[in-house]
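Got two chains here, separate frames each, mind docking them using the hints?
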Amino acid sequence: MPAVSETREAVEKLAKSNYEWGFETDVEMDLAPKGLNEDIVRLISARKKEPQWMLEWRLKAFRSWQEMSEPNWAKVKHPPIDYQDAHYFAQPKKKPGPKSLDEVDPELLKTYEKLGIPLHEQEMLAGVEGAGQKTPVAVDAVFDSVSVATTFRKTLAEAGVIFCPISEAIIEHPDLVKKYLGTVVPVGDNFFSALNSAVFTDGSFVYVPKGVRCPMELSTYFRINARNTGQFERTLIIAEDRATVSYLEGCTAPQRDENQLHAAVVELVAMEDASIKYSTVQNWYPGDEDGKGGIYNFVTKRGICKGDRARISWTQVETGSAITWKYPSCILAGKGSVGEFYSVAVTNGHQQADTGTKMIHLAPDTRSTIVAKTISAGKSDSTYRGLVRMQPKARNGRNFTQCDSLLIGDQCGAHTVPYIESRSMSARVEHEATTSKISEDQLFYCRSRGFSEEEAVGLIVNGFCREVLKELPMEFAVEAQKLLQISLEGSVG
Amino acid sequence: MSENKAAAWQALTGRAGERAALLGTEGLPTRRVEAWHYTPLQSLNGVAWQAAPALGEAHIKQSVAELDLPQHDGILVFANGQFCPALSHLPACMEVQEYGDGAAVPRLLTGRFSAGLNAALRQPGARLKVPAGRDAGLVIMVSLTEGEDVSTHLHHSVTLAKGAKLTLLDIQLGTGRYLTNPQMDVHCAEEAHFSHITHQKESPLAARLAIAGAKIEERGNYDSFTLNQGGALARQEVVSQLNGPFSNTNVNAIQLVDGERLNDLSSMIHHAAPDCTSRQTVRTVLSEQGQGVFQGKILVDQIAQKTDGYQMNQALLLSEKGQMNSKPELEIYADDVKCSHGATVGALDEEQLFYLRSRGVPEAQARDMLVQAFLLETVELVEHESLRHYLLKALPGHVG
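Taken in sequence, the protein lines are chains H and P.
First residue of the first sequence? That's 1 in our numbering, and the numbers climb one at a time after it.
First residue of the second sequence? That's 1 in our numbering, and the numbers climb one at a time after it.
Quick caveat, the hints were computed from the structure, so don't treat them as lab data.
Among the clues, some could well be false.
[As the list claims (entries may be wrong)] Derived pair list, reagent style DSS-like, types lysine-lysine, alpha-carbon separation capped at 27 angstroms: (1) H/K75 x P/K297; (2) H/K75 x P/K306; (3) H/K77 x P/K297.
[To be verified] Negatives, chain H to chain P, calculated, CB over 12 angstroms: (4) A32; (5) P80; (6) F191; (7) T244; (8) D288; (9) K335; (10) E340; (11) A363; (12) E454; (13) G463.
The beta-carbon is built from N, C-alpha and C at its ideal position, and this holds for glycine as well.
Bound-form chain P, shown alone (with noise of 0.2 angstroms):
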């Protein structure tokens, strides 16, 4: 970061009187607008949000260490929006670029709110470049957040050149009520694969706007997978557009959602070129007075003939007290596509509760057993290995 950046980043966060502004009563999008209805943004109203202090390099690295973190290739740690270079490494061919100056938003998320506010109030974050034809493996990225109506912006981008490769397990988590909104620039290049898991397990005191962009080339992929399940309030909003032919997308998540927290999974998938496919797999479990939102969205443009694209999202409701709210969406001006949703929403199957029962299982046991085979599936579609067994670690205790 160049000094002149900084210079300007203290200049803008060391005025907490700005921060409220923007988060203030006009600032925020109301449940009158569509793309917020279920998720009411007005908590966020009447904070005087600041910026956060630095932490001590050993309460973060006592932090770190905590985290049981799978074998990795690279590790990039940052703490109340700031980089800590002494915890970090990266893998020897990636390559961390200058921080530029555009802080605009990517036209790709243009009147994106989370978005705009990460434009505002943004802090650089990673940037990263895997060179042509390279395999970066697997990297981890934490972000811890501490402190009380504290807020971190930080603007992550990735580029991915021809055929590179990438693996990002990106980690946040926190304590205390504050506010996180990063927000991620994701460019895959041509044959360039990129897998992105997002473990969200904020503080329950926490509010979480995240939003990632992703552009992809001709048969590239960006495959993303969102583990929700941390924060009172916290949208995870992933856009990713198909932008050369044959390039393939997977937006998948998991949701468990308790107590009085309400996670929320937004998405857009934009099929802006031909042979195109998309996936995506959804799965909410509600508990307690857990609120659910999933909002897909799959924009199929006339020119994108040939498209396949298929959008599952299923919620679990466990207790009386449990609310989702889905809204599945197809937009689609090309005549040439198989574009299908589906979207369910119900409790456990009382057959194959009965099916277990009468096979000895207890009752608490049969539902914990048909809640894990619910999200298992999910888990399933995380392509690395190492991955799949640190997400299916992250899940019970939360279920059931």
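Excised from the complex, chain H in its bound form (with noise of 0.2 angstroms):
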């Protein structure tokens, strides 16, 4: 029987919903001219001020990528994109020194409030001195691929870490940051890639020294903000020996009429008994309910864990964008490295995912967890797609993988694509996956108990998700299930 009429209203319901972050914050901005040359890929560089040799980089990035075909294996659909047909450079115009709330310019911090970023990290956004020790939790707000701000740098680097815009990383760590960019993701990895290696204008660069744990979590916000802006963040996470650190990545961007591209890249090396953990909450405009709009989201994100015993640890809730094609991925060359990935993706309207990960033992001892929640409503479609190899020095390699799916409609589809290589004798590869809607009787039994269908289904959906769910920080958690239940509401009753 196909989902309940309720549901199938409820979902009309959500599709007509209105995108609740999308909203547009008139900054002056400074744009680059539309078009994609070598001359832009310059400008870029030099509007940044970068050395020589970052300039060398992207344009030998450019030049792979112009030798590259856009892939086309994922299971998506969308019109050609013109990438001809957008600005590769926005930069909020600066005041000088803004240094109290009231200089702030009061449309940033609108977009901050919207983005629920509390006052007092609002304040410390906008260099307000004083403010804001209560929270142990470092921002760095991406506005239109600038970093605004870095707060509690001055804590950070009491303990040696270095967090920054990695703009400012190329011109003030150029050896770190030559030592590691483009060594997990190389340049010309993929279409994507080599065009955010090309013209990326800024992201996050974070530096833990050896033994030391990063003091707080750091968390970074992406907006995309101007009209027919690409967005290209380039993030690098260094973890070295014995080092921890914990990054939060949250995305809303206002709402558009033209399909915005996203092909953002994430590198994270741990070291020697490192441990990195990645936290994405990705709620980008999905579109209008014809499925018109909404962002393109094409990332390119690998971790390798070079030394033994190193751990990195994905996590992402992925409820917006029109189009999620990304795959979070873990190298694990280090003996008895761990390698996580945890996802809940959930799709609506007309919303298309193809996410999943990879999981590459190259070394004996090493372990990797596989959690994928699909949930899929509207006319969407979602698909995970993994990959599990085991080499042939993964002796003793242990992989568990899960995927779970649950439809909500009969308009949408859920499709499970893994990939298992084992070329290891000792090495045990699991992977199991269902897919189901919700179940009558669970349904029935909430009800029962006196929760409101939508209740029910929000407390069925939570439960479906809470393995993955509780892998988030705990300030991330409380956001992700606030989105599951946005996301979804009204999706009965």
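This is the structure in structure tokens:
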């Protein structure tokens, strides 16, 4: 039997509901002309006052991008993207030294407010002194490709942690950037990573030195603000021996008519006994009820466990974007290293998501865990695509994968495409996947205990995702639960 | 076969150049083609494939006699792509149809390389029909191929009318470095039940691109079982479409891969009607430098509510050089379904081994016992008792 009629109504209602964070901040922008060519790459590099080696790196990437073709294997459909019809550089015009909240562009503050950034953090972002020592979260707000401010830098600096916009790192810590940039995701890795390497404007850079436990959660807010600007973020996180860091990434984008391209690259490097936890809540504009507009989110995220016993953990809650195409991966090169991937992907309306992970086991005693929860509603399509590879040297490698899909309504699709490649006799790979709908029994049980249908669905969905949500840092777990509720709001009754 | 068709066939197969061209670089799917990513066909390239010459009847007879065949109601023998009427007979109720004109790829198999190749170089095979309500019993089909750089492309069709029943044991064997590319089109009408057991023991030098496409109507049943244990590179492809409500399909297999061989089971189970069930168990044992491939897709159309689909594939790696590539896949467009799949790859369970050793079983024997147990469960899925015995006899010597 198809979904109960209430569910269908709810989904329709949901499709019609307006994007809560669909707003546009009117801040003066410094725009590069439309189009993409070597001159634009040079312009970006010049605007960022980058050294020569960086420009050459970008140009190399641009040249290899020109020879590549757009991948088409993902289970997503979209009209061809005109890469020449976009601005590749947009920067909010800075007023010199906004030192108190009153001086800060009120539009900017409004954006933060809508984003739900607590006031004291807003003050921190705006550079108000003495404010906000209460929350141990450092925010690096990326506002249309340029990190507007980085909070808590002093506290972090005392611990020896570098947390700054990558553009700044290129100038101030060139040796570190040179040593690691492009080592996990090489320049010519894929079409979108090559594009990103050529034109990225900003992103975050984190360096945690040996033996340091980062004293606070690091977080970044991504916002795509101006019209027709691609967002090409570049993030590089390095955790030296025995270092520990947790990084949160949150995304919301204003409502748009045209599809916007977002092609970020995130690289993580974990040395011996280091641990990196990377959490994402992605809630970009998914498009209107006809599936028009919305963000194209084509992201390359990869981490390498270089040292023995290193650990990389990816957690993501994906509720937004018209198209999501992303596979946060772990290369387990150090003995006994650990890779984890926890994902909740919710699609509704005409959204399409093709997401999953890659776990590449190169060394003995490496372990990986994959837990992917997919919820499809409306006319959306959601695919889990994952690769687990055990190389011959991955003796006693271990992987466990669990993929569960939940379908709400009979117009949507849920797909599971795992790839399992084992060349190691002593390795053990296990995969299981299920697809089902919300069971009538569970619904009835909740209803009989006085929950409304909507509450019941919310409860069941939250239960379905619990294994993943519990992996999120506290601040994000709350936000993620709220997002799930909003995404499936009125999905019944 | 009509004389016209024979002449046309002669004309087609007589041109060795054409065959080579079809199998040349341009025609062959590369590793970049998703469906062939794990099964590279480049070894077929550069061979001047020829039509296979006829084999002597006495020799064929001898080869068939050497097979330890179970009791059967009919037998069909093909040698190097040619039908051997003298060695074949069918149950009285079965009809053999005239080989038709259609050399097209059936819609069910559109876009599949093995079917395209068969359509291009097609040789007439068995055209069997079981009339309504009749049980044709057990029929054996033996396809023997011998020679160097020769290829055969037999096209069979099996049609079961309403309520008909047939069990077919499909044995493929041979010697030499050849290519076989058989195709079987199956149609199970309402309540028909077709049990199709393939025993693939081609020459360890041979290439094999086999494909079967089945359409199953209301309450019909297509029960497919493959024992893959031969060929240097052998793919068995099964496409099973559940076309009528309450129909059922099983696509089970055992793959025993040793030497430097590659065995591949690729399947597509398409739920195109509501209330259907499908079951799949595929077990692969890899030793030496064997490579195993499993690609199994369950596709559930929007209309196919109340689908119950289950797929399990497990592989045992018995050597450091073995390799397993699995890609189980679910593509689901209906919400009221129960679909799941599972996959495991690993070595023998050390605890089970320890248990047997602690009870005095020598290590080698204990390993064999565990492998046997692993395979036995799958063989037991075959309904036909004498066929279960036949398959069990085929297992030893290939495991451990």
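ask   = What hints, given by number in increasing order, does this structure fail?
value = none
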